[in-house]
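Listed below, chain by chain, are the residues.
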Amino acid sequence: MTRPRAAWWLVSPALIAITVFLVIPVALALALSFTDFDIYGVADRHNVRFIGLANYQRLLAAPIFWTALANTCVFVAVGAPLSIAVSLATALLLHARLARARAVFRTALFSPVVTTVVAVAVIWRYLFHARHGFLNHALGWFGIGAIDWLGDPRWSMLAIIVFAVWKNSGSNMIIFLAALQAIPEEPYEAARIDGATRLQQLRFLTVPALAPTLLLVTILTMVGYFQLFAEPYVMTRGGPAQSTTSVLYYMFEEGFQWWNLGFASAVAFVLFAILLAGTAAQLALARRWSQP
Amino acid sequence: MTALPRRAEPYLIHGALALAAVIALFPLAWMISVSVMAPGEAASSPPPLVPASPTLASYRELFSRAAIGRHLANSVGLALAATALSLAFNVTAGYAFAKLRFTGRDLIWKGVVGVMLVPAQVAMIPVFLLLKQVGLVNTYAGVLLPSLASASGIFLIRQYARSIPDELLEAARIDGAGELRIFRSIVLPVLGPVLVTLAMFAFLGSWNDFLWPLIVITSTDQSTVQLGLASFQGAHVTKWNLLMAGNVMALAPMLIVFVGAQRWFVRSLATTGIR
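Each protein sequence line maps, in turn, to chains A and B. Number 1726 marks the last residue of the first sequence (our numbering); no jumps. Number 303 marks the last residue of the second sequence (our numbering); no jumps.
Looking at chain B on its own, in the form it has when it is part of the complex (with noise of 0.2 Å):
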C-alpha cells in the first residue's frame, strides 16, 4: 500500500472529520430551517433546504394549539426536582461506599454494581402497580420515585471519591470534627465538579425520559414535553413545520445547557471507560 502523501494528511482528516459533523448536524439544522418555513412549504419535492420567507407563524401557533407552555412547565420542574433529589441520595452513598468503613460494604457495593446490569424495565410493570395501590399514578411523585437513586450515579461519585486523600480526613476527625460535618465541608467542596456533572446528567435524563412518563403520566395536564410531543406528531402527522417546531421547543434547552457545559459532559463520560 502506498503511504499518503504527507502533506495530504490534514486535509484528509479534517474533511473526514467535517464530513462526519455535516452528516451529525444536518439534521438539526434542517429541523429549525423547516420550523420557520410557511405551512405546506416542507411537503414538497424535492424537499427545500431553506425557507423562502422565514416566519414564527409555527411557533405562535403551537404556544396557541397546543398546550406546549404547560408541558415545558412540567418538564423543567420534573427535571429539576429529579437533579436534586439525585444529588442528595447518590452523593451520600457514593462518599460512604469510598471513604467509609461500615459492616458488609464491600459486599453491598458488589451488590449495586450487579443492580447496574439489570434493564429498568423488568421493575416498570410493578412499580407502575405499587404506584397504583397507593395512587400516585399520574402524579410527579410517581414519576420521580423509581429514579431517586441510581446505581451509575453511585458509581460515578464513589469514583471521583476515592481520589480524596485519606489524610485530610484524618486531620479533620483529629480535630474534633463529626463525620456529617466533615462531608459537609470537605468532601462536597472537593466533589463539585462531578457533582456538577451527575446534577447535568440528571437534568439530562430526566429532559429526556420517555418510557416511564408514558407509562405513569395518564393525562395531558401533566405531559412532559417529550409526551406532549409524541402525541401531537400522532395529530398532526404532515404539519413538518408545527412539528418541527415543536422539536426545537423540545430540545432548544437542553441543547443550549449541552454547548454551554459540554466540557462537562465530556470529561465525565470519559471517566466510565476508566477502570
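Extracted from the complex, chain A is given alone in its bound form (with noise of 0.2 Å):
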C-alpha cells in the first residue's frame, strides 16, 4: 500500500468521528441557538421554528444569566489564581534540592486529582457541614465563629473555590516540576557564585524561565474553571439563592430540565465565545509582555 492511502486509511477513523461528533454539532448547535427547539420540539420536529437573534436577546436580558455569569467569573478570578499559585508553590518545594521522598509527596499532593468530583464533594460537604463540619471545627479552635459554609450565600462560592483547588492543583502542579526539571543548573550556580540570593534566584531565573508553562497553564485552568459544572450540581445545586450557579448549570438546567434546547444552545455558544476571547487576549498579553 502506498504511504498516502495508508496514512488515509489511519487517519480517516479518528477524523470522522471527531467530524461527526464535534464539528457538525457545533455546526448545528448554532442554528439551533436560532431556533425556539423546546419540548414541543423534542416530541415533534415539525413544532420547531426559526426566531432569529431572539434566544441570544432574552438570554441577555435575564437576570439569572448575569448572575450565572458574575458567579463563574468570581470562580475564575479568585480560583485559578488560587490554584495556580498553590501548584507552584508545591512544585517548588518538591523541586527543591534539599527535599527527599519526593514520590511519595508528589502521590499525596496528585491523588485529589484522580478522585471524581461526585464522591469527593460529598466529603467536603460533610467538612463544610455547619454543625458536623470538621472546618467550623477547626475555625473554632482559633476563635472564629461557625460559618453556614454551603447554606449562606455569601460563603457559598467561596466553599466551592476551595474544593476546586484542593482536587486541581495537582495536576498544574505536575506540569510545574517537569518544566522546572527542564532548567539547566548552571545560570544557578553563577548566580549563588555572585551572592544571589534565593528570592533573587526564584525572580530572576526560575520565574522568566516559566514564563512559557506559567502561561500555558493559565490558559488550560482558565478554559477548565469556566467550564464549572460538576462542583456547583453535586455540592450545591447551583444555590443557595443561585450563588453558585454557573453558566455551564444554567446551560444544564435550561438545556435538560426544562428542555429548551434552543435557548441552552444560545448558552452554550455564548460561553464558547467568552473563552475563545478569553483565550485570544491572554494570548495576545503574552506577546505584548515578551516584547520588551
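Honestly, the hints are just simulated from the structure, not real lab data. As the structure is a prediction and not an experimental result, all values here were calculated from the model. You can trust all of the hints, since none of them are fake.
Covered stretches of chain B (in silico footprint by chain A; criterion: 3 or more residues with CB under 8 Å from a CB of chain A, positions within the stretch not fixed):
id	region
1	144 to 155
2	243 to 257
3	280 to 287
Even glycine gets a Cβ: it sits at the ideal position worked out from N, Cα and C.
Assembly of the complex is requested from the two constituent chains, each provided in isolation within its own frame, with the hints serving as guidance.
And the structure:
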C-alpha cells in the first residue's frame, strides 16, 4: 500500500469521529440557537421555528444569566490564581534540592486529581457542614465562629473555590515540576557564586524560565474553570439563592431540565465565545509582555 | 530580609510538604474512617475523627439497598470499552500525523489543534438530539460514541511518535515491509509507554465522566457508579456513613490503579507542558 493511502486509512477513523461528533454538532448547535426548539420540538420536529436572535436577546435580558456569569467570573478570578499559586508553590517545594521522599509527596499531592467530583464533593459537604463539619470545628480552635458554608450565599462560592483548588492543584503542580526540571543548573550556580539570594534567583532565573509554562497553565486553568459544572451540581445544586449557579449549570438546567434546547444552545455558544475571547486576550497579552 | 539558617531549611521544606500532603489526603482518609462508623455516629458535634468500633455494616447495606454492584459493572464495562476505542482511534491518527505524508496534513492538523479549544458541552445538545433520532439514548453506544476520538489524545500520541527515528521506518520500507506492517511491528512496540499513558487517561476519563452520562443515561439499570452515587446522595442526604461507603466504592478502583501506576500519570502530564 502506498504511503498516502495507508495514511488516510490510519487517520480517517479519528477524523470522521471528530467531524461527526464535534464539528457538525457545533455547527448544529449554532443553528439550534436560532430556533425555539423546546419540549414541543422534542416531541415533534415540525414544532420548531426559526426565531433569529431572540434566544440571545432573551439570554442577555435574563438576570439569572448575568448572575451565573458573575458567579463563574468570581470562580475564575479567585480560583484560578489561587490554584496556580498552590501548584507553583508545591512544585517549587518538591523541586528543592534538599527535598526527600519526592515520589511519596508527589503521589499524595496528586491523588485528589484522580478522584471523582461526585464522590469527594460529598466528603467536602460533610467537612463544610455548619454543625458537624470539621472545618468549623477547626475554626473554633482559633476562636472563629461557625460559618454556614453551604447555606449562606455569601460563603458558598468560596466553599466551591476551596474545594476546586484542593481537587485540581495537583495536575498543574506536575506540569510545573516538569518545567522546573528542564531548567539548566548553570545559571543558578553562577548566581549563587555572585551572592544572589534565593528570592533573587526565583525572581530573575526561575520565573522567566517558567514564563511559557505559566502561560500554558493559566490558559488551561481558566478554560477549565469557566466550564464549572460538576462542583455546584453535586454540592449545592446551584444554590443557595443561585449563588453558585455557573454558566454551564444554567445551560444544563435550561437544556435538560426544562428542555429549552434552543435557548440552552445559545447559552453554550455564548460560553464558547467567552472562552475564545479570553484565550485570545491572554495570548495577545503574553505576546505583548514578551516583547521588550 | 535575614537569611534563614541553613540547618532549618530541610525542616521547613519537608514541614510545608507534609502539611500540603495532609491537606490533600485528609478528606480521603476521613472518608474511609466515616464509612466504617456506626449509623449516626458521624452526625455529632464535635465531629469524630475515628470510629468508636469499626463495622462493615454500611457496605453490606450499600450492596443490598443501592444497585451498586450493577453500577460498578456498568462503569467498568464502559471504561474498558472507552479505553480500547481510544487506543484504536487515537493511536493510528497520531502516528499518521507524526510520520506519514499526505495531502493537507498540516492544514488538517491545525484544525485538530483548534478543536481542542472547543468546550465539549457546546456539542452535547445536538449530539443528544442526534442520538435520540437513531434511538441510541440510554445505551452504551450513546455514552461511548462522542469520545471515540479526542484531539488531545491524538496530540499526545503525535508528540511521542515524532521521536521515532525516520531511518528505522525507511529501512523497513526498503526491506519491502508494507505501511500497516510497519505500524504493527515497529511503531506500536516503540510507542509502548505512551500507549499505557493514553489507556490510563482514557480509563480515568471514562470512570470519572459525569455530565455526558448524566444526559444520555436515563434509567437506573444503565447508570454508572458516578450517576448512581449522585442520585443515592439525593436520597440519603444525611446518612454520612452510607454516603462515604458509596464513595469508597466509587473511588477505590481508580485510587488503587493510580497508586500502582503513578509514574505513568506523572510522566504523561509532564509532557503536556513541554512544547
